[in-house]
Amino acid sequence: MAAAKALREVARTRRGSWAAVVGRRCLSSGSGGPAAERKEGGGGGAKAVNLFTAVNQALHIALDTDPRAFVFGEDVGFGGVFRCTTGLADRFGKNRVFNTPLCEQGIAGFAIGLAAMGNRAIAEIQFADYIFPAFDQIVNEAAKFRYRSGNEFNCGGLTIRTPYGAVGHGGHYHSQSPEAFFCHVPGLKVVIPRSPREAKGLLLASIRDPNPVVFFEPKWLYRLAVEEVPEEDYMLPLSEAEVIRKGSDITLIGWGAQLAVLKEACEDAAKDGVSCELIDLKTLIPWDKETVEASVKKTGKLLVSHEAPITGGFGAEIAASITERCFQRLEAPVARVCGLDTPFPLVYEPFYMPTKNKVLDAIKSTVNY
Amino acid sequence: MPACHHWRGLELGRAEHGVSDMAALWLSRASTQLARRAARRLPAGRGSGEPTTSPWFLGAVPPPALGSTAAVETSRRRGFCSVRRFAGESSAAAATVVDEEPENGFVASDQQAVHFPGGKVSFVAEMNFLPDSMKERINCYRVLDDDGRTISGSRFQEVSKELAVKMYSEMVTLQIMDTIFYEAQRQGRISFYLTSNGEEAINIASAAALSMDDIVLPQYREPGVLLWRGFTLQEFANQCFGNKLDYGKGRQMPIHYGSNRLNYFTVSSPIATQLPHAVGAAYSLKMDKKDACAITYFGDGGTSEGDFHAALNFAAVMEAPVIFFCRNNGWAISTPTTEQFRSDGVVIRGQAYGIRGIRVDGNDALAVYSAVHAAREMAITEGRPILVEALTYRVGHHSTSDDSTKYRPVDEIEHWRTARDPISRYRKWVQGNDWWSDAEESELRSRVRKELLQAIQVAERMPKPPVADLFTDVYDKIPSNLCEQEQLLRDTIMKHPADYPTDVPV
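Residue numbers (full-length UniProt numbering), protein chains in the order written: chain A, 1 to 369; chain B, 1 to 506.
Bear in mind the hints are in silico, worked out from the structure with no lab data behind them. One or more hints might be untrue.
Far from chain B by the CB rule (all over 10 angstroms, computed), these chain A residues [said to hold, decoys possible]: (1) Lys-189; (2) Pro-210; (3) Thr-342; (4) Asn-357.
Here are the simulated BS3-like pairs of lysine-lysine, each with C-alpha atoms no more than 30 angstroms apart in a straight line [to be verified]: (5) Lys-120(B) - Lys-94(A); (6) Lys-358(A) - Lys-298(A); (7) Lys-477(B) - Lys-297(A); (8) Lys-94(A) - Lys-290(B); (9) Lys-244(B) - Lys-477(B); (10) Lys-246(A) - Lys-271(A); (11) Lys-289(A) - Lys-477(B); (12) Lys-298(A) - Lys-246(A); (13) Lys-289(B) - Lys-94(A); (14) Lys-477(B) - Lys-161(B); (15) Lys-428(B) - Lys-244(B); (16) Lys-450(B) - Lys-428(B); (17) Lys-495(B) - Lys-289(A); (18) Lys-135(B) - Lys-120(B).
Since the model is a prediction, treat every value here as computed from it, not as a measurement. In this text, a Cβ means the ideal position worked out from N, Cα and C, and glycines have one as well.
Let the sequences and hints guide you as you build the complete structure.
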């Protein structure tokens with residue numbers, strides 16, 4: 001793993017060229033967002049910022065509003081390799097914002113102990129690809145902490161932030177989307193934002209949620225996605241999906257960075273006269289079946305899309321659940337446009353990815369089924 | 001000075017290769033951590049274009065230069081790794097930073113030493129590998145000899161008569177509890193049990209040295225700590241029977257006790273996972289400026305887990321007031337310590353992490369008490385972790401699912417059960433002080449036995465927790481998928497009542 005981490009820097013120097021091809025420019029600001037739950041007395045200002053800045057704002061607010069909040073992880077002290085923790089140590093001190101040794105199971109375990117003492121432990125795993133040494137701590141300890149003790153103890157103050165997903169040049173170990181592993185674990189919440197405004201509101205909600213949350217941040221969007229983000233303290237509800245585009249012919253569902261691809265597919269499909277309804281799931285567990293079900297009952301067709309490999313991906317769970325609930329209303333098999341069942345490949349990334357045209361083709365074949 | 005150039009050169013070398021704005025930002029910040037990491041991982045380019053004397057070389061050796069120099073030849077003859085590793089190729093970028101201020105405290109002040117992060121390191125002419133072990137094993141602190149007499153010159157924490165007797169009584173209570181619960185399992189009344197036989201002194205004496213504000217993160221062979229803190233025999237029985245009064249609501253196997261009231265985190269089966277938790281808990285105590293520490297227990301087998309390494313390293317770096325208490329009882333189920341590790345036990349490893357430690361006779365209640373008492377004091381006042389290794393023996397089987405005579409000699413077990421029994425050794429000392437009598441002994445034993453049998457009867461008759469508790473506590477509130485699943489399950493129970501236990505209320 002040590003070598004892999006040294007390579008991160010190398011990987012970052014090879015900024016991918018096909019990003020432009022995919023056209024994942026930015027998630028435009030403007031309408032479509034839900035009304036944020038504004039905290040009383042909050043200011044009304046909003047600025048266009050990118051996603052890492054939105055995360056940074058959320059962390060500032062989290063530390064500012066709760067003296068028992070801590071932020072830590074590898075390299076977070078100087079601002080983090082993605083700049084999400086910039087300025088935190090200076091403002092809140094090294095006791096509350098600090099580097100940890102390079103050891104993911106230690107970070108998760110330490111965070112659980114800290115959270116179990118009534119603190120908000122906001123831990124960073126530098127890349128989701130490196131979360132696996134912490135898997136036992138997350139799955140066997142964090143997720144079961146409340147249940148196994150009969151609520152004598154809980155580590156609900158725990159939030160694990162980690163960047164996930166393709167970035168154009170990340171290869172095997174800087175690109176993975178491991179969300180499905182965690183969606184198989186009762187006791188955890190899994191949250192993935194699609195944009196800066198969502199990231200800030202959902203992260204604050206995750207930090208303050210009394211359950212352990214794994215919060216995946218789409219690292220491709222850290223700099224690329226820019227939108228107006230309210231400057232004040234606000235939270236967006238967990239376990240509530242959002243219809244971000246109304247449509248009547250087919251329901252598209254995704255999360256995180258994939259929403260940008262789906263959005264473009266919707267626009268192109270509209271040119272061909274296909275009306276797509278687009279849903280951002282936001283929280284993968286416990287997930288908002290009702291919103292998806294209502295949409296599919298209306299459109300009669302469903303397409304699920306994610307970057308993670310198709311087999312055993314969370315898309316399979318959605319497909320199965322919606323088939324159960326909407327069988328009589330479905331007019332075509334549920335389509336899945338996902339990553340391939342290969343390790344995440346470097347040179348072949350453009351082939352691996354669930355691209356706009358793959359989505360468009362699946363929309364067409366589903367609508368014409 | 002040249003050595004520092006290795007690092008600076010490396011940083012600039014990376015920058016030179018045309019990095020993204022993001023990476024450039026890292027570099028402009030000149031993160032010492034990143035530079036350190038990179039320096040460790042990548043072969044260093046030569047720092048200075050004009051090397052004087054590299055600190056990596058002996059003072060007597062001429063300055064290394066590219067190509068065939070005496071230094072290169074000398075080194076090759078000696079079988080060192082390639083000189084190029086140290087002298088490297090010249091780097092134009094590196095040459096530009098000659099005058100920059102050195103970072104990381106890395107300054108070669110003279111030819112015989114270097115100020116390396118962490119302090120001065122001297123250079124020597126001899127090629128000495130560190131030995132794999134010391135000539136003699138680390139010794140073991142004890143207070144009482146095998147006959148329960150204090151060793152002359154032994155220094156230990158005084159215990160009053162009241163405390164001494166309470167410790168003894170609780171050791172006996174733990175022993176009786178083990179005997180009776182073990183029997184109850186054999187009779188099929190509880191599903192599982194795990195004794196602490198042979199480790200009663202560790203359990204009780206370590207607990208006695210702590211304060212109630214100290215946070216305990218147990219493994220599973222320390223129920224005596226909980227007993228000491230005031231968990232009643234009825235509470236133990238309720239957990240083992242998984243009845244509705246079990247705080248864990250019948251969700252975990254027997255012996256997975258826990259109590260918020262008594263600052264005793266609920267036991268979980270995975271080995272050593274509680275160690276990093278203890279560091280987090282200790283850090284919290286430190287931030288709150290509490291006069292308290294965290295203590296976590298584990299066995300010799302647990303020290304092989306990654307979590308052991310993670311926890312010790314984190315604790316040292318975070319200066320967390322935590323006591324790591326290793327019960328080295330010789331056996332991890334059937335694996336003897338000779339097949340577990342090759343170090344001199346566990347205590348030696350503390351040093352490698354920068355952690356103070358002590359090896360103590362785990363069957364000597366006074367030694368365990370004194371060691372933990374001192375460890376606690378140091379942990380809290382100095383803000384540091386302490387490692388305690390108690391040498392002991394698991395006299396019982398690993399659990400009721402194990403027969404240890406299949407893998408270890410019966411006379412070994414017998415020897416530890418009789419000649420080295422911690423309870424009788426301590427009793428001799430207590431009785432030698434005239435603090436205990438045979439009459440009190442038999443009164444205690446019959447009282448505890450009676451109380452326990454009573455507790456078991458009550459626990460056994462107590463109803464199980466209701467089906468509803470299957471779905472609570474997964475989250476703070478029951479999410480819709482679980483509401484749905486609960487309804488489905490209830491429908492199924494109505495349809496097929498014979499499939500389900502009758503003693504779990506629906």
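A quick look at each hint next to the structure:
{"no.": "1", "hint": "Lys-189", "in the structure": "violated, 8 angstroms"}
{"no.": "2", "hint": "Pro-210", "in the structure": "violated, 4 angstroms"}
{"no.": "3", "hint": "Thr-342", "in the structure": "holds, 26 angstroms"}
{"no.": "4", "hint": "Asn-357", "in the structure": "holds, 27 angstroms"}
{"no.": "5", "hint": "Lys-120(B) - Lys-94(A)", "in the structure": "holds, 26 angstroms"}
{"no.": "6", "hint": "Lys-358(A) - Lys-298(A)", "in the structure": "holds, 24 angstroms"}
{"no.": "7", "hint": "Lys-477(B) - Lys-297(A)", "in the structure": "holds, 28 angstroms"}
{"no.": "8", "hint": "Lys-94(A) - Lys-290(B)", "in the structure": "holds, 19 angstroms"}
{"no.": "9", "hint": "Lys-244(B) - Lys-477(B)", "in the structure": "holds, 20 angstroms"}
{"no.": "10", "hint": "Lys-246(A) - Lys-271(A)", "in the structure": "holds, 15 angstroms"}
{"no.": "11", "hint": "Lys-289(A) - Lys-477(B)", "in the structure": "holds, 17 angstroms"}
{"no.": "12", "hint": "Lys-298(A) - Lys-246(A)", "in the structure": "holds, 11 angstroms"}
{"no.": "13", "hint": "Lys-289(B) - Lys-94(A)", "in the structure": "holds, 16 angstroms"}
{"no.": "14", "hint": "Lys-477(B) - Lys-161(B)", "in the structure": "violated, 50 angstroms"}
{"no.": "15", "hint": "Lys-428(B) - Lys-244(B)", "in the structure": "violated, 41 angstroms"}
{"no.": "16", "hint": "Lys-450(B) - Lys-428(B)", "in the structure": "holds, 25 angstroms"}
{"no.": "17", "hint": "Lys-495(B) - Lys-289(A)", "in the structure": "holds, 27 angstroms"}
{"no.": "18", "hint": "Lys-135(B) - Lys-120(B)", "in the structure": "holds, 26 angstroms"}
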